[in-house]
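Trainee: In the order they appear, the protein sequences are chains A and B. Quick note, our numbering runs 2 ahead of the 1-based positions in the first sequence. Quick note, our numbering runs 2 ahead of the 1-based positions in the second sequence.
Just so you know, the hints here were simulated from the structure itself, not pulled from any lab data. Ideal placement from N, C-alpha and C gives every residue a C-beta, glycine not left out. A portion of the hints provided could be inaccurate.
[Claimed, not checked] Among the chain B residues that face chain A by a calculated CB cut under 7 Å, a handful are: (1) L148; (2) L151; (3) S162; (4) A163.
[To be verified] Sample of chain B residues with no beta-carbon within 12 Å of chain A, all distances over it, derived: (5) F9; (6) R63; (7) Q64; (8) T71; (9) D104; (10) L211; (11) S217; (12) E235; (13) R252; (14) T267.
Number of protein chains: 2
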Amino acid sequence: MVALRLFWAEAGGLPADDRGLAYGDGLFETIRMAGQKGVLLSRHLERMVRDARRLGIKVSRQELATVCTQAGQRFAERFNDQDWVLKLTLTRGAGGRGYRPDPGMAPNLLVSASPMPPAADASGVMVDFSRVPLTVNPLLAGIKSLSRLEQVMAAAELGSALFEVIMSDSDGNLVEGTRTNLLLRKNDTWITPPSACLAVAGVLRQWLLERLRQSGQAVFERPLTVPDVLGSECQGLFLLNSVLGIVPVRTIAGHDLPVDGVLATIFNPLELLE
Amino acid sequence: MVALRLFWAEAGGLPADDRGLAYGDGLFETIRMAGQKGVLLSRHLERMVRDARRLGIKVSRQELATVCTQAGQRFAERFNDQDWVLKLTLTRGAGGRGYRPDPGMAPNLLVSASPMPPAADASGVMVDFSRVPLTVNPLLAGIKSLSRLEQVMAAAELGSALFEVIMSDSDGNLVEGTRTNLLLRKNDTWITPPSACLAVAGVLRQWLLERLRQSGQAVFERPLTVPDVLGSECQGLFLLNSVLGIVPVRTIAGHDLPVDGVLATIFNPLELLE
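Assemble the whole structure, with the sequences as input and the hints as a guide.
Mentor: Encoded structure:
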């Protein structure tokens, strides 16, 4: 294991030849923090370690956990009693010959803190279908990598009124928002696109699916269609993001959806601090 | 037009919150230089300006041309009489709220110089088929963006013997190498995958297609199949890269291909300096 190189964003950026900038060759996590503790922190760290391994980037959970502790000590006071967001950007490292990664490279970790984004309207948000198609490489499915230009292009469609746009695959199935996973309630069951199709497999999605199954509810991971959402059997569409929480959709592309608070009581960030 | 912010790589990297690092939200060009002049320089600049416009990044050709002149003056002596490589990394800029781009953002341009990579064996190189599938978003086709993790993963398959691996789309059609476009000779015609399917539409490819057509040769832009390459009618497969030139393939996945020098005399970097 080559020790990672730690960079605090307030002290400057990564080296000019870092591969994260050059090729999107890395990963990131954004973690909701309350004081020095993080919501679903261990799941965030586990995802980063697992996906780093998929990319051949060598980092240990212990290294990341140590950095999170340091970040908590460093930043918590700055935000007083407000929640804040910890961002970890892990890259394969600096240099190398073109695209080809050097297996001996020391990864770089950039750490930054920022205020919480504006909260979503708990009574439901307005979303639309994105005109940007989503393409997911099977080898990279679910990985929260730094190669996110599709999400940027889709997010450019967001006006001030829209909270999110929903991206579809080439078959027209709804896959995910730019920054959220999808969960639909239909016929008293839950439906979410399977993780093998996802651009980013969110930690809140995984936690919520487990929680719903533990409580005996039926959860299906299968392609989600436009008729699923717009049809009369739809009982609600929810957007999942570990920082923003579980956000009900009130209107999609001008169609009103039923909004109920069934999930609002399930996810309580304060109970998930680690 | 918001003026771009210029960064020389030798003086440090981009700001910590640059969107090129955060989301692969930008573009790059690598230009073969001889002294203060660049091979196919105007095509490189035109591609960057055109693709920046597709992404909504505001930059002018004149701004880029000025930077290239400055770079030539700054770096040419360092490489004596050796050719060198000028790299321009253009990002949407620093900051913003998540993926969503701010239309008023000033782009960042990082400029670096490096020695030429090792030349390819003019008698032909050894390549293989990549196990990494290539997925091309129709909206981003051909754009030499910073979101290049697929190419990194494919390049990880390169051993010391392999010059390149060829990536295929989900239909099994051969699309391009990690850093090269493909051109096949068959039945005395030329075949290359259409630009709408390409991850990166190379400037050498475009120049070469025009040159071949000008000389009255038949050029077809259509999907390229494995049987096209391995069949007995194949008269040669060429890899195209504006820095490395036109590289004939001698062996692909253990199959010998015919190698002739038909293209070797067409591309002379010295004649294309601007």
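Trainee: All the hints need checking, so say for each whether the structure fits it.
Mentor: A quick look at each hint next to the structure:
{"no.": "1", "hint": "L148", "in the structure": "holds (6 Å)"}
{"no.": "2", "hint": "L151", "in the structure": "holds (4 Å)"}
{"no.": "3", "hint": "S162", "in the structure": "violated (11 Å)"}
{"no.": "4", "hint": "A163", "in the structure": "violated (13 Å)"}
{"no.": "5", "hint": "F9", "in the structure": "violated (7 Å)"}
{"no.": "6", "hint": "R63", "in the structure": "holds (22 Å)"}
{"no.": "7", "hint": "Q64", "in the structure": "holds (24 Å)"}
{"no.": "8", "hint": "T71", "in the structure": "holds (21 Å)"}
{"no.": "9", "hint": "D104", "in the structure": "violated (10 Å)"}
{"no.": "10", "hint": "L211", "in the structure": "holds (24 Å)"}
{"no.": "11", "hint": "S217", "in the structure": "holds (31 Å)"}
{"no.": "12", "hint": "E235", "in the structure": "holds (32 Å)"}
{"no.": "13", "hint": "R252", "in the structure": "holds (20 Å)"}
{"no.": "14", "hint": "T267", "in the structure": "holds (27 Å)"}
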